[in-house]
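Chains Y and C, in that order, give the protein sequences.
Okay, so the first sequence: first residue is 1 according to my numbering, each after it adds one.
Okay, so the second sequence: first residue is 1 according to my numbering, each after it adds one.
Errors might be hidden in some of the hints.
Note that the list lumps identical chains together, so a pair holds whenever it fits in one copy or between two copies.
Said to hold, decoys possible - Derived EDC-like pairs: lysine to aspartate or glutamate, alpha-carbon spacing no greater than 20 Å straight-line:
1. Lys3 x Asp203
2. Lys7 x Asp311
3. Lys3 x Asp280
4. Lys2 x Asp203
5. Lys2 x Asp207
6. Lys284 x Asp318
Hints were generated in silico from the structure; no laboratory data involved.
Everything numeric in this text was worked out from a predicted model, so none of it was measured.
Number of protein chains: 2
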Amino acid sequence: MKKLLNKVDDALADSLNGFGAAHRDLVSVNLEPRFVTRAGGTPKGKVALISGGGSGHEPLHAGFVGTGMLDAACPGEVFTSPTPDQMLAAAQAVEAPAGVLFIVKNYSGDVMNFEMAAEMMEGPNATVLTNDDVAVEDSLYTQGRRGVAGTIVVEKVVGAAAEAGADLAACKALGDRVNAASGTMGVALTSCTVPAAGKPTFDLGADEMEMGVGIHGEPGRRRVKIMAAKEIAAEMVEAIAAALEPKSTDPVILLVNGMGGTPLMELYVVYGAARRLCEDRGLKVARSLVGNYCTSLDMAGCSISLTKADDEILKLWDAPVHTAALRW
Amino acid sequence: MKKLLNKVDDALADSLNGFGAAHRDLVSVNLEPRFVTRAGGTPKGKVALISGGGSGHEPLHAGFVGTGMLDAACPGEVFTSPTPDQMLAAAQAVEAPAGVLFIVKNYSGDVMNFEMAAEMMEGPNATVLTNDDVAVEDSLYTQGRRGVAGTIVVEKVVGAAAEAGADLAACKALGDRVNAASGTMGVALTSCTVPAAGKPTFDLGADEMEMGVGIHGEPGRRRVKIMAAKEIAAEMVEAIAAALEPKSTDPVILLVNGMGGTPLMELYVVYGAARRLCEDRGLKVARSLVGNYCTSLDMAGCSISLTKADDEILKLWDAPVHTAALRW
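With the rest of the complex left out, here is chain Y (with noise of 0.2 Å):
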């Protein structure tokens, strides 16, 4: 294994310690328990906004932590569901009279630390499940769909709305709908390496690729050898679009999003690919992300997510954030 880390049990506090560093102006970094605010705190009277999920998915979720997006997130170990303690110290340090969402990404030991968070919190607080994977139904770890970068889109347009003045329910609410308008389905040309670990996660063949991978190596719906970027790109449409059924006048948001592996130029070939599918079926690309957003360690691979849109959903994305990941 081969990183740019110092010692390997040291990995998650140097990288958000640098972290930190790198965006004083954004965000304050907490290492004892572990998790990140807006250097400038929670606007009074707002609802907060708190994700988390293990490391590894870097810009997720700390990287949306600022104006317009999260208000806290908590980073657990790599692949590893952050712990309740620090998802209650990231409750109390927000300070939301108004009330906190946990946005969670669904799998059995996030969902079970975020509940018990929950439970023993003070306040208002509700929580949305992402889960817009659409590969496979159960998981490694977790049952029913996981959640993987469609959680993005939920966390910039709750967010959003948020930053406007929802309240907790319209929040809540929101997040839901966002959630069940998107779907995921990724591919990984190489497995990751998880540090700990220090070998791949699991072997591919010098010509296979996993198709419909998970966020953290875990199998797709099949193995198969490596096809054309638009053959790759067609089946994930076509297996969102059997999940979404958009009808063809739906406006999309489509989001193609590297592995952490796989660099700009191939995604933005798998992005003309994914475009020309949605335009083949009448969908309206709307509005387009491309870049390394909800990554899997160094995995080289590609997710393709699609939220269907609407009028409220697209003024929400428009609306200004300022994160480290993601600025406009």
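Add chain C to chain Y, keeping to what the hints say.
Chain C only, in chain Y's frame:
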């Protein structure tokens, strides 16, 4: 070789088409010959900044076309200089009677072709040659130092000055000054794989790294066993400081740039180490940038860049920028 491509020969055109489709609000992509301009054109009376070079370094340079930075970019084939006719067509397309400033990374092919374009074009023009790579004096594709990630700082700072109305001579002088104030060194943990070659450009042992690597996989200073991130950063910061000789009171811009295959989590570990090393030298890290900006296809590794700044440079760095890859 596993890459997200259709046909190898179509990789660049497919990627550019995807890029253009994803960022229609920002850029126009011309395919014959290949160049990218601002969607809205160059503002009247403004000096136009044009850069370019081989592809495979995305988002460099097309990702920096937009308000506050470049007016056009000319992408060559992967790791291959664009041709004079691309540059000439871009120089004509920007319609800038105030003049064209070419920003050229110091590689023999690029230098020769940009010179030819400058000779052929009508109207005032000047060239800033970037050579920020302190690793080696001469290299595989060039005489003198190579131009690498520091080019982004030149493009950002001069872009802001041009946007604010600086004339051609002032832009040229500023570009030369920022280049001279910038130093970069890179390290590779893996080779990149050029699509047309289909196999890694060079071989690295399972525990080796190339210290001082070029952005096309050119040899650096030495091939050594992998070290801790802070030791790697120490060697790089030391080499840059030896070249730049910053005064201990100088504010610096610190850029930690991923080579394409290294996840953000690791880049922040390197950033944290590099920042501490700067501070130990008494340098004030006034501005920071961390991410994949000047890549080498799928190479794992990173570069560290330092720019000795002053109030003028920092003010121009902070000026608004609206491009696909950089926005604030």
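(message) Of the numbered hints stated earlier in the document, which are not met by this structure?
(response) 2 and 3
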